[in-house]
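All chains should be modelled from the sequences, with the hints used to inform the complete structure.
These protein sequences, in sequence, are chains U and H.
So in our numbering, spot 241 of the first sequence is number 241, and the numbers just go up one at a time.
So in our numbering, spot 251 of the second sequence is number 251, and the numbers just go up one at a time.
Think of the hints as simulated: they come from the structure by calculation, not from any bench.
C-beta: ideal position from N, C-alpha, C; glycine also.
A few of these clues could be false.
[What the hints assert, rightly or not] So the derived label-pair ranges between C-beta atoms look like this:
hint, chain 1, residue 1, chain 2, residue 2, range
1, H, T128, U, D246, 47 to 57 Å
2, U, E65, H, D168, 25 to 35 Å
3, U, L205, H, E112, 46 to 56 Å
4, H, T49, U, D204, 26 to 36 Å
[Unchecked claim] Which residues of chain U face chain H? A partial, calculated answer using Cβ under 10 Å:
hint, residue
5, E16
6, L89
7, L134
8, G166
9, D175
10, E247
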Amino acid sequence: MKVLVPVKEVATVEDEFEIDGTTIDERYLGADLNEWDDYAIEEAVQLEEDGIVDEVVTVTIGDEETEQTIRQALAKGADRAIRVWDDTLEDVDLLDVGAKVAILEAIVEAEDPDLVLTGVQSGDDSFGATGVALAEAVGYQWGAVVNQLDLGAGDETASVHRELEGGIEELTEIDLPAVLTIQTGINEPRYASLRGIRMAQRKDLDHQTLADLGVEADAVAGDLRLTAMYEPESESDTTVFEGGADETAAALADLLREKGVAQ
Amino acid sequence: MSADVLAVAEHRQGELRDVSREVVTAGTELAGETGGDLHVAVVGGDVETFADALTLEGVDTVHTVAYGEEFNHDVYTQAVTQLADALEPAYLVMPNSVNGLDYAPAVATRLEIPLVTDAVGLATEGDTLVGTREMYGGKVETTTEVDAEQAAVTIRGAEWEPTEAAGDATVEAFEADIDEDAIGSTVTGFEEVAGGDVDISEADLLVSIGRGIEEEENLDLIRELVEALDATLSSSRPIVDAGWLPANRQVGQSGKVVTPDVYIAIGISGAVQHVAGMKGSETIVAINTDPNAPIMDIADYAIHDDLFDVVPALIEQFS
Chain U
1 MKVLVPVKEV ATVEDEFEID GTTIDERYLG ADLNEWDDYA IEEAVQLEED
51 GIVDEVVTVT IGDEETEQTI RQALAKGADR AIRVWDDTLE DVDLLDVGAK
101 VAILEAIVEA EDPDLVLTGV QSGDDSFGAT GVALAEAVGY QWGAVVNQLD
151 LGAGDETASV HRELEGGIEE LTEIDLPAVL TIQTGINEPR YASLRGIRMA
201 QRKDLDHQTL ADLGVEADAV AGDLRLTAMY EPESESDTTV FEGGADETAA
251 ALADLLREKG VAQ
Chain H
1 MSADVLAVAE HRQGELRDVS REVVTAGTEL AGETGGDLHV AVVGGDVETF
51 ADALTLEGVD TVHTVAYGEE FNHDVYTQAV TQLADALEPA YLVMPNSVNG
101 LDYAPAVATR LEIPLVTDAV GLATEGDTLV GTREMYGGKV ETTTEVDAEQ
151 AAVTIRGAEW EPTEAAGDAT VEAFEADIDE DAIGSTVTGF EEVAGGDVDI
201 SEADLLVSIG RGIEEEENLD LIRELVEALD ATLSSSRPIV DAGWLPANRQ
251 VGQSGKVVTP DVYIAIGISG AVQHVAGMKG SETIVAINTD PNAPIMDIAD
301 YAIHDDLFDV VPALIEQFS
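Below you can see the structure in the form of structure tokens.
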């Protein structure tokens, strides 16, 4: 059984930042492996360690700089990686769900995985829709917000728990092939070991362009345009306790006594 | 393409969920801008009873699809797509709930229309839909324009007031042609997460911790504070994901909803899923080094300082 794990490098933002047009000034941006995808990689690697899966392949849409993040996924146990990028993508302002799906659809067709595991959402643009949209596009079954996956060798169905709101979980049987979007907490993602990091350098990282995949430039142009970015206005009038820790703690202690919740 | 709007209701275990009345509000606003009708769809379960409850102010027609009991994404995808094909609405409005995210992207893909998820605001400018969304965990808000005649959106829960006033909508049964061979998933049951001995939803004073505590051993410091204040300990999701506290301590959309007299959020940035579970607290106090953390938007009182300085000083105040 082969598992494909779409992995994203997300932008992280410092506590203090400035906005430049419709982006955050790059001085305040960092990059990291998307948190939800980290759990998806771990789930795939555990399935391989359990002898259920033979190969774990990652795919990332991103420029050369994302290779550092891709190597993280390889160091955690993925067998090989595909990176998709070219000049056309460089010029796309907002890669929306439809655009991502157009690319990933081509990868699924080329790789023909039995299972696609990816994060529920990404920490930067938080669309939360790519996995399910991909499943529909390629004709796979799917499950969104999965926090438990049971799969045995030769199973044709994945038994999953989907995490609903309010502490309720839904138990569902999903036919394979399927795309599952993975929620945090499903497992404990490993740190990349030194040995894993060394091995990752030798693993195959294949660069593909849209032309290689047969994806037309029109398909990734997207229908959404980001027109403004700003810091949200505070909804409440917050009283900020000023001063050193002793002063602020004393002010908070007074408040708690005043509210009658502490003596 | 008509100027109409189609909103999709949500129910679970026999109850309409609050977001059903919220999609009606969002749908009414959009239909007001386009000048079209508002259609509401309800799929599965006791559709007659749900249709009565959805006959709300602003709704022109409620379409019932009597198929199945509980949510099944294959059924929802087929039913909503067929209804959208029949009505040709300009906009489709669905909840950005766990189930919404399990069918809305498939509907948009099948209809070949753009999708804007997790909108916190919606407006139109001429024929263009403008969605307001958050990025980077709520640190910034963005406006996104949709260049298409028809679009699908999912709306964040609790951002629109639920419509409560009754209306005079027409109820119509929609005969969806559900292809049973295309149903590839089966819901076999529901489970509640582990209960445990403490019910955080009953507490008057909650000391709640997040990622900011950094290491599991730092929990000792927080437990000391909890004891000094005679409070109850709760947390945001990452603490439970890390296995440092059991699931019954989790506050948020997927955990418990709490409404204590005072909620002290320590090292919690305030992801929307967390805020959904605690914004009803009477007084919210946030202790966080980051003055721009989203939790500050809803905090009544704030300390912009290192928790490892403030918490020991606070313990000192009560010992």
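* To do: Tell me, in ascending order, the numbers of any earlier hints that this structure violates.
  => Hints 2, 3, 4, 6 not satisfied by this model.
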